[in-house]
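Assemble the whole structure, with the sequences as input and the hints as a guide.
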Amino acid sequence: MSTTVASTKPKLKTSAMIASFADPGQKTTSAPFGHALVKAAEADQRIVGLTADLGKYTDMHIFAKAVPERFFQMGMAEQLLFGAAAGLAETGLVPFASTYSVFAARRAYDFLCLDIAEPNLNVNIVGGLPGLTTGYGPSHQATEDMAIFRGMPNLTIVDPCDSVDIEQAVPQLAASEGPTYLRLLRGNVPTVLDEYDYKFELGKAKVLRGGNDVVFVSSGLMTMRALQAAEALAAHNVDVAVVHTPTIKPFDASTVLREINTDRLAVTLENHTVVGGLFETVASAVVAAGLGKRVVPVALPDAFLDAGALPTLHERYGLSVDRIVAKVLEELG
Amino acid sequence: MTTTSTESTPSHQATNAVERVADRHLAVSSAAYRIRNHALNMGEVQGQGYVGQALGAADILATVYTDQLRYRAEDPHWEVRDRFLLSTGHYAIGHYAAVAEAGIIPVSELETYGSDDSRLPMSGMSTYTPGMEISGGSLGHGLTIAVGMALGLRHQGTEYEGRGARVFNFLSDGELDEGSTWEAAMGAHHHRLGNLTAMVDINALQADGATNTVLRTEPVLEKWEAFGWYAQRVDGNDVGALLEAFDNAAAVAAPEGRPSVILCDTRVGRGVPLLETREKAHFMRIEEHEWQICREQLAAGFEGTASA
Numbered sequence: 001m002s003t004t005v006a007s008t009k010p011k012l013k014t015s016a017m018i019a020s021f022a023d024p025g026q027k028t029t030s031a032p033f034g035h036a037l038v039k040a041a042e043a044d045q046r047i048v049g050l051t052a053d054l055g056k057y058t059d060m061h062i063f064a065k066a067v068p069e070r071f072f073q074m075g076m077a078e079q080l081l082f083g084a085a086a087g088l089a090e091t092g093l094v095p096f097a098s099t100y101s102v103f104a105a106r107r108a109y110d111f112l113c114l115d116i117a118e119p120n121l122n123v124n125i126v127g128g129l130p131g132l133t134t135g136y137g138p139s140h141q142a143t144e145d146m147a148i149f150r151g152m153p154n155l156t157i158v159d160p161c162d163s164v165d166i167e168q169a170v171p172q173l174a175a176s177e178g179p180t181y182l183r184l185l186r187g188n189v190p191t192v193l194d195e196y197d198y199k200f201e202l203g204k205a206k207v208l209r210g211g212n213d214v215v216f217v218s219s220g221l222m223t224m225r226a227l228q229a230a231e232a233l234a235a236h237n238v239d240v241a242v243v244h245t246p247t248i249k250p251f252d253a254s255t256v257l258r259e260i261n262t263d264r265l266a267v268t269l270e271n272h273t274v275v276g277g278l279f280e281t282v283a284s285a286v287v288a289a290g291l292g293k294r295v296v297p298v299a300l301p302d303a304f305l306d307a308g309a310l311p312t313l314h315e316r317y318g319l320s321v322d323r324i325v326a327k328v329l330e331e332l333g
Numbered sequence: 001m002t003t004t005s006t007e008s009t010p011s012h013q014a015t016n017a018v019e020r021v022a023d024r025h026l027a028v029s030s031a032a033y034r035i036r037n038h039a040l041n042m043g044e045v046q047g048q049g050y051v052g053q054a055l056g057a058a059d060i061l062a063t064v065y066t067d068q069l070r071y072r073a074e075d076p077h078w079e080v081r082d083r084f085l086l087s088t089g090h091y092a093i094g095h096y097a098a099v100a101e102a103g104i105i106p107v108s109e110l111e112t113y114g115s116d117d118s119r120l121p122m123s124g125m126s127t128y129t130p131g132m133e134i135s136g137g138s139l140g141h142g143l144t145i146a147v148g149m150a151l152g153l154r155h156q157g158t159e160y161e162g163r164g165a166r167v168f169n170f171l172s173d174g175e176l177d178e179g180s181t182w183e184a185a186m187g188a189h190h191h192r193l194g195n196l197t198a199m200v201d202i203n204a205l206q207a208d209g210a211t212n213t214v215l216r217t218e219p220v221l222e223k224w225e226a227f228g229w230y231a232q233r234v235d236g237n238d239v240g241a242l243l244e245a246f247d248n249a250a251a252v253a254a255p256e257g258r259p260s261v262i263l264c265d266t267r268v269g270r271g272v273p274l275l276e277t278r279e280k281a282h283f284m285r286i287e288e289h290e291w292q293i294c295r296e297q298l299a300a301g302f303e304g305t306a307s308a
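If you read the protein sequences in the order shown, they are chains A and B. Numbering follows this note's numbering, in which position 221 of the first sequence is assigned residue number 221; successive positions increment by one, without gaps. Numbering follows this note's numbering, in which position 275 of the second sequence is assigned residue number 275; successive positions increment by one, without gaps.
Please keep in mind that the hints were generated in silico from the structure rather than gathered at the bench. Worth double-checking, as some hints may not be accurate.
As the list claims (entries may be wrong) - Interface residues of chain B toward chain A, partial, derived using beta-carbon atoms under 8 angstroms:
{"no.": "1", "residue": "Ile-145"}
{"no.": "2", "residue": "Met-149"}
{"no.": "3", "residue": "Glu-183"}
{"no.": "4", "residue": "Leu-221"}
Unchecked claim - Okay, derived cross-link-like pairs now, SDA-like style, lysine to any residue, Cα gap no bigger than 25 angstroms in a straight line:
{"no.": "5", "chain 1": "A", "residue 1": "Lys-11", "chain 2": "A", "residue 2": "Lys-39"}
{"no.": "6", "chain 1": "A", "residue 1": "Lys-249", "chain 2": "B", "residue 2": "Thr-127"}
{"no.": "7", "chain 1": "B", "residue 1": "Lys-223", "chain 2": "A", "residue 2": "Gln-73"}
{"no.": "8", "chain 1": "A", "residue 1": "Lys-39", "chain 2": "B", "residue 2": "His-155"}
{"no.": "9", "chain 1": "A", "residue 1": "Lys-39", "chain 2": "B", "residue 2": "Gln-156"}
{"no.": "10", "chain 1": "B", "residue 1": "Lys-280", "chain 2": "B", "residue 2": "Gln-297"}
{"no.": "11", "chain 1": "A", "residue 1": "Lys-204", "chain 2": "A", "residue 2": "Ser-139"}
{"no.": "12", "chain 1": "B", "residue 1": "Lys-223", "chain 2": "A", "residue 2": "Lys-204"}
{"no.": "13", "chain 1": "A", "residue 1": "Lys-56", "chain 2": "B", "residue 2": "Arg-192"}
{"no.": "14", "chain 1": "A", "residue 1": "Lys-39", "chain 2": "B", "residue 2": "Gly-157"}
{"no.": "15", "chain 1": "A", "residue 1": "Lys-65", "chain 2": "B", "residue 2": "Arg-192"}
{"no.": "16", "chain 1": "A", "residue 1": "Lys-65", "chain 2": "B", "residue 2": "His-155"}
{"no.": "17", "chain 1": "A", "residue 1": "Lys-56", "chain 2": "B", "residue 2": "Lys-223"}
{"no.": "18", "chain 1": "A", "residue 1": "Lys-56", "chain 2": "B", "residue 2": "His-155"}
{"no.": "19", "chain 1": "A", "residue 1": "Lys-65", "chain 2": "B", "residue 2": "Thr-127"}
{"no.": "20", "chain 1": "A", "residue 1": "Lys-56", "chain 2": "B", "residue 2": "Glu-244"}
{"no.": "21", "chain 1": "B", "residue 1": "Lys-280", "chain 2": "B", "residue 2": "Ala-253"}
{"no.": "22", "chain 1": "A", "residue 1": "Lys-56", "chain 2": "B", "residue 2": "His-190"}
{"no.": "23", "chain 1": "B", "residue 1": "Lys-223", "chain 2": "A", "residue 2": "Asp-53"}
{"no.": "24", "chain 1": "A", "residue 1": "Lys-56", "chain 2": "B", "residue 2": "His-191"}
{"no.": "25", "chain 1": "A", "residue 1": "Lys-65", "chain 2": "B", "residue 2": "Gln-297"}
{"no.": "26", "chain 1": "A", "residue 1": "Lys-65", "chain 2": "B", "residue 2": "Gly-157"}
Stated by the list, open to error - Pair ranges (Cβ atoms, derived):
{"no.": "27", "chain 1": "A", "residue 1": "Ala-175", "chain 2": "B", "residue 2": "Ala-210", "range": "48 to 54 angstroms"}
{"no.": "28", "chain 1": "A", "residue 1": "Gly-203", "chain 2": "B", "residue 2": "Pro-106", "range": "29 to 35 angstroms"}
{"no.": "29", "chain 1": "A", "residue 1": "Gln-45", "chain 2": "B", "residue 2": "Tyr-160", "range": "19 to 25 angstroms"}
The beta-carbon is built from N, C-alpha and C at its ideal position, and this holds for glycine as well.
Encoded structure:
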C-alpha cells in the first residue's frame, strides 16, 4: 500500500493519455463503469449510451459492444452530444453521455445548463480524466470541473473513489430523476472500498474509519489516498478518521459537520483545484453553521498544471500519500 | 414505384388534388392572418417586441401548425405527437400565437405575453408554456436537441396510425453562425434522420444588422446540400411554395432517411406595409398610435388576397 515516487533519477515518462493512478500490485477492476452500465441497461430499457468519439477512453465501448442498438456515436461534437442527449431524454430515454470532463465542463456548458439542467432531465454526464488524472497538461486536466458545475442548479455531482463506488453509483444515477455528473475513473480502476463496511448511497457521506486526532473529509480518488495516509499516520501514532463524501452536490452537510465539529484537526482532500470544490463546499457549510472551525485543504493549486508523469505531478502538487502525511504532521506540530 | 388500380378516375383524382391544395392553402393563409393579428395585439400590450419576426415567420408557423403537425390540443404531451422545436426563443411571440391558433392555449391568454407570472415569457421556454417543446434563446441549441428527439422517437418506434412521430425545428439564419448547428447537421445526416425537418427563417437580419454584414452565411443552400440534407429554398411568405416544399420533403427525403431543410426567405414585418417598409431592426419600435394602423393594413391586405 505504499506509494513509490522516484525523487531522484531516472525521470518518469508521461506515458499514455490516461495514466493509471493505481499503485503497483493494487487490486483493480477493469472498466467498472462500462460493465455497470450494461448491467443497469439490462434492468432498465430506458438506458441508452452516447459518446463524442471517446467511447474507448470512457469505457463506453463496453456498452456499445453489448447493446449496439442502444448506443449512439455522436462524433467529436460535444455540443451535439449533450443537445442530443437532452432530446433523447425528452422522448423518455435515460442517456449516459460520455466525453472528457474538460470538454463537458468547458466546451458544452451552455448545452448542459439550458437543455438538460433547466428542464431537469435525467441525463447522466460521464466525464473522463477528472482533476489531475492525466499528464497531458491543461487541455486535458479538468482541475476545475466541479467548480464549474457546482453553480449549475439541479445538477447532482458524484466524485467516486473506486470501482465499488462506480458500480454502485451507476444504477442510482439512472434511477435519480434529474441530471448527474459522474467524475469517471476508467480502465483498471482501483478496488478499495470493498474492504470497508460501505455502500454507495447517492447524496450521503460515509465514515469509513474512526480516529481521535485527525478527521479527513475526502472525495474521489483522494479517498483512496486518505485511507493510505491514515494507515501511514498510524505509524506516527496519529489516529485518523476518514469521511468519504462521493456526492459533492447535493452535499451531505449534516454528516460532515457532525464529524468536523470536534477538536480533531480537519482536513479536506480532493482531486481538484482548491477553488470551488470540496474544500469550499465544506468551508461554506462550516461557516453557514456558525462553526469557528479551521479546515486545512489538500487540493490542487489555483494554477494551470504541468505536463508530466502522474506520480511526479501528484507528488509535486501535494496529492501523494507522502505529501499528505507530511502536511498532517506539520499541522500537528 | 408501384401502381395500383383504383376506382376513381385520374381526372377525378386530379380535381380532388387541386381542391385539396386550394383547401390547404386557404386554411394556412387564414391561420397566418390570425397569427399575425395575435402578434400585433401582443406587441401592443408590451408596447414593443419581436413583432417584425412574428409577422415574417407567420406563414411558416401557420403551415406547420395547420398543415403538418400531428398533435392533440388537449394533450400537449401526447406521446406520438410531432414535435415542433423553436430554437429562436425571441420568436416566441409568433409561436404563442400559433399555439393559441392550434387551441393548445386560449387566445385570451395571449394578452399576458411578457407580463410577470405569465406562462408566456418574452423568450420561449418549455418549462413555462404548454406546447413549447424546448427552451430556446441560446441560439444553436434547437437542432442538436432535434437530433436527439428524432433518434429517440425512431429508436422507440413511436408510431400512430402507421406513421412515426416527426420532429420539426424552426431556426433563424442568424443561428447558422453557430457551430453547433453544423455539428447537428452532420449528426442528422450520419444517423439518417428522415423524420427530421428543419426550417430556416432567412430574414437576412441579425441583432447587429443585416446578416451579410454580420457574418456571411451564403451560399446557404449549397452548405446544407454538402452536409447531406435534402435542401429546398422557397419564398417563406408564399404559402403555396411552403406547402409544396413540405410535400416534397415528405415524398422524396423522408423515405430515403435524409433529413430535410426548407430555407425560407421571408420579409420582416410581412403583411403590414407600414412595417415592411420601415428600417429593418431586430427589435422593432412601434408607436402607440401605429398599432391600429398595422391591424387595419393587415386586414386590408388579407381581404385583398382572399378575394383575389
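Cross-check of the supplied hints:
With 8 angstroms as the threshold, the beta carbon of B/Ile-145 comes within range of chain A, its nearest partner Cβ sitting at about 4 angstroms, so the hint holds. At its closest, the beta carbon of B/Met-149 sits 4 angstroms from a beta carbon of chain A; the interface hint therefore holds under the 8 angstroms criterion. At about 4 angstroms, the closest approach between the beta carbon of B/Glu-183 and any beta carbon in chain A falls short of 8 angstroms, and the interface hint on this residue holds. Contact between B/Leu-221 and chain A, as hinted, is not supported at the beta carbon level, the nearest pair being about 22 angstroms apart and thus beyond 8 angstroms.
At roughly 42 angstroms between alpha-carbon atoms, A/Lys-11 and A/Lys-39 are farther apart than 25 angstroms, so this suggested pair is violated. The hinted pair formed by A/Lys-249 and B/Thr-127 meets the criterion: a straight-line CA distance of about 23 angstroms does not exceed 25 angstroms. With a C-alpha separation of about 23 angstroms, the suggested pair B/Lys-223 and A/Gln-73 falls inside the 25 angstroms cut-off, and the hint holds. At roughly 20 angstroms between alpha-carbon atoms, A/Lys-39 and B/His-155 fall within 25 angstroms of each other, so this suggested pair holds.
Between the alpha carbons of A/Lys-39 and B/Gln-156 the distance comes to roughly 20 angstroms, so the proposed pair stays at or under 25 angstroms and holds. A threshold of 25 angstroms between alpha carbons decides the hint, and for B/Lys-280 with B/Gln-297 the separation of about 18 angstroms falls inside it, so the pair holds. Of the supplied pair hints, the one linking A/Lys-204 and A/Ser-139 is violated, its CA atoms being roughly 32 angstroms apart against a limit of 25 angstroms. A C-alpha spacing of about 51 angstroms is found between B/Lys-223 and A/Lys-204, which places the hinted pair above 25 angstroms, so the restraint is violated.
Distance hint between A/Lys-56 and B/Arg-192 is fulfilled; the C-alpha atoms sit about 24 angstroms from each other, no more than 25 angstroms. Distance hint between A/Lys-39 and B/Gly-157 is fulfilled; the C-alpha atoms sit about 23 angstroms from each other, no more than 25 angstroms. Distance hint between A/Lys-65 and B/Arg-192 is fulfilled; the C-alpha atoms sit about 21 angstroms from each other, no more than 25 angstroms. A threshold of 25 angstroms between alpha carbons decides the hint, and for A/Lys-65 with B/His-155 the separation of about 17 angstroms falls inside it, so the pair holds.
Pair hint A/Lys-56 plus B/Lys-223 does not hold up; C-alpha atoms about 32 angstroms apart against a cutoff of 25 angstroms. A distance of roughly 23 angstroms separates the Cα atoms of A/Lys-56 and B/His-155; the hinted pair therefore holds under the 25 angstroms criterion. For the suggested pair A/Lys-65 and B/Thr-127, the alpha carbons sit about 36 angstroms apart, so the restraint of at most 25 angstroms is broken. At most 25 angstroms may separate the alpha-carbon atoms for a hinted pair to count; A/Lys-56 and B/Glu-244 exceed this at roughly 45 angstroms.
The suggested pairing of B/Lys-280 with B/Ala-253 is violated, with an alpha-carbon distance near 35 angstroms, which exceeds 25 angstroms. Restraint check for A/Lys-56 and B/His-190: satisfied, since their Cα atoms lie roughly 20 angstroms apart, inside the 25 angstroms limit. Taken as a hint, the B/Lys-223 and A/Asp-53 pair is honoured in the structure, with Cα atoms around 24 angstroms apart against an allowance of 25 angstroms. Note on A/Lys-56 and B/His-191: the hinted pairing holds, with a Cα-Cα distance of about 20 angstroms set against a maximum of 25 angstroms.
Taking the CA atoms of A/Lys-65 and B/Gln-297, the gap is about 63 angstroms. The hint is violated against a cut of 25 angstroms. Distance hint between A/Lys-65 and B/Gly-157 is fulfilled; the C-alpha atoms sit about 22 angstroms from each other, no more than 25 angstroms. Remark: the range hint 48 to 54 angstroms for A/Ala-175 to B/Ala-210 is upheld by a beta-carbon distance near 51 angstroms. One distance hint, 29 to 35 angstroms for the beta-carbon pair A/Gly-203 and B/Pro-106, is violated here, with the actual separation near 41 angstroms.
Range check, A/Gln-45 to B/Tyr-160: about 20 angstroms between beta-carbon atoms, so the 19 to 25 angstroms window is met.
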